[in-house]
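Got chain A; can you put chain B on it based on the hints?
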Amino acid sequence: DAMVIQNPRYQVTQFGKPVTLSCSQTLNHNVMYWYQQKSSQAPKLLFHYYDKDFNNEADTPDNFQSRRPNTSFCFLDIRSPGLGDAAMYLCATSLTRAYNEQFFGPGTRLTVL
Amino acid sequence: KNEVEQSPQNLTAQEGEFITINCSYSVGISALHWLQQHPGGGIVSLFMLSSGKKKHGRLIATINIQEKHSSLHITASHPRDSAVYICAVRSLADKLIFGTGTRLQVFP
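Chains A and B, in that order, are what the protein sequence lines are. Under this note's numbering, the first residue of the first sequence is numbered 724, with each subsequent residue one higher. Under this note's numbering, the first residue of the second sequence is numbered 28, with each subsequent residue one higher.
Hints were generated in silico from the structure; no laboratory data involved. As the structure is a prediction and not an experimental result, all values here were calculated from the model. The reader is advised that the hints may include incorrect statements.
Where chain B lies over chain A, by a calculated footprint (3+ residues, C-beta under 8 Å) [claimed, not checked]:
#, region
1, 765 to 777
2, 824 to 835
Straight-line C-alpha distance at most 30 Å; calculated DSBU-like pairs for lysine-lysine [claimed, not checked]:
#, chain 1, residue 1, chain 2, residue 2
3, A, K767, B, K95
4, A, K761, A, K740
5, B, K80, A, K740
6, A, K767, B, K122
7, B, K95, A, K761
8, B, K122, B, K81
9, A, K775, B, K122
10, A, K775, A, K740
11, B, K122, B, K95
12, B, K82, B, K122
13, B, K81, A, K740
14, A, K761, A, K775
15, A, K775, B, K95
16, A, K767, B, K80
17, B, K95, B, K81
Using N, Cα and C, we set each Cβ at its ideal position, and we do this for glycine too.
Okay, chain A solo, but in the shape it has when bound (with noise of 0.2 Å):
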């Protein structure tokens, strides 16, 4: 029954070592996004993909990047993690960008050590 799977579901790692997540869906949206949602904030929308149509939020660090090999997988690469990128990251779907409900995956909560 699980539509959006976030894998781990905890992931730690230490102060610049690259760490990657994952999330599949089997829905079969076209669109994926990425979410960081730290201690009692709301989510922070870092970039989505529209199919292979990549697009980044202004204000997303360089550190984080992602790649959606097939309309399925998407990752969430951070390539040298830092305090500061402690928190739950939040995989969305929906079908098409506009007015269409977004379904989340169960989060990957991130630790830096």
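Frame of chain A; chain B shown alone:
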């Protein structure tokens, strides 16, 4: 001032009480979402609406487009309803703008 404001920020209730969470927004929207997030958990979409009222089980969501206001009601609240409830609007530029959430605790 945030584009999406929720009230109250924190809410405590006894089991069985009727609960209302309010959301006001200041931008043009194509849709409004109510989301639920349990502590340490991911986000679950409860409703997406652009007019009128929707009901799902004990949850009811209403929206008044003219007044730019939406409410989420929970009837016969239960401890398992304890979560953060987030109002998010889809702007006319297709961006999802989140409110800061309402933390609800329901005690037995």
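To see whether the hints hold, each was checked on the structure:
Requiring three or more residues with a Cβ within less than 8 Å of a Cβ of chain B, the coverage given for the region 765 to 777 of chain A holds, as 3 such residues are present. Under the rule that three or more residues need a Cβ within less than 8 Å of chain B, the assignment of the region 824 to 835 of chain A holds, with 8 such residues. Of the supplied pair hints, the one linking K767 of chain A and K95 of chain B holds, its CA atoms being roughly 23 Å apart against a limit of 30 Å. Distance hint between K761 of chain A and K740 of chain A is fulfilled; the C-alpha atoms sit about 20 Å from each other, no more than 30 Å.
A distance of roughly 48 Å separates the Cα atoms of K80 of chain B and K740 of chain A; the hinted pair therefore is violated under the 30 Å criterion. Of the supplied pair hints, the one linking K767 of chain A and K122 of chain B holds, its CA atoms being roughly 11 Å apart against a limit of 30 Å. Restraint check for K95 of chain B and K761 of chain A: the C-alpha separation of about 28 Å stays at or below 30 Å, so the hint holds. With a C-alpha separation of about 23 Å, the suggested pairing of K122 of chain B with K81 of chain B holds against the 30 Å cut-off.
Restraint check: the Cα-Cα separation between K775 of chain A and K122 of chain B comes to about 19 Å, which is no more than 30 Å; the hinted pair holds. Among the hinted pairs, K775 of chain A with K740 of chain A is consistent with the structure: their alpha-carbon atoms are about 27 Å apart, no more than 30 Å. For a cut-off of 30 Å, the pair hint linking K122 of chain B to K95 of chain B stands: about 17 Å separates their Cα positions. For the given pair, K82 of chain B sits about 25 Å from K122 of chain B by alpha-carbon distance, which is consistent with the 30 Å threshold.
Taking the CA atoms of K81 of chain B and K740 of chain A, the gap is near 46 Å; set against the 30 Å cutoff, the hint is violated. Restraint check for K761 of chain A and K775 of chain A: the C-alpha separation of about 28 Å stays at or below 30 Å, so the hint holds. With a CA separation close to 35 Å, the supplied pair K775 of chain A and K95 of chain B exceeds the 30 Å bound. Restraint check for K767 of chain A and K80 of chain B: the C-alpha separation of about 28 Å stays at or below 30 Å, so the hint holds.
Simply put, K95 of chain B and K81 of chain B have alpha-carbon atoms about 17 Å apart, close enough for the 30 Å limit, and the pair holds.
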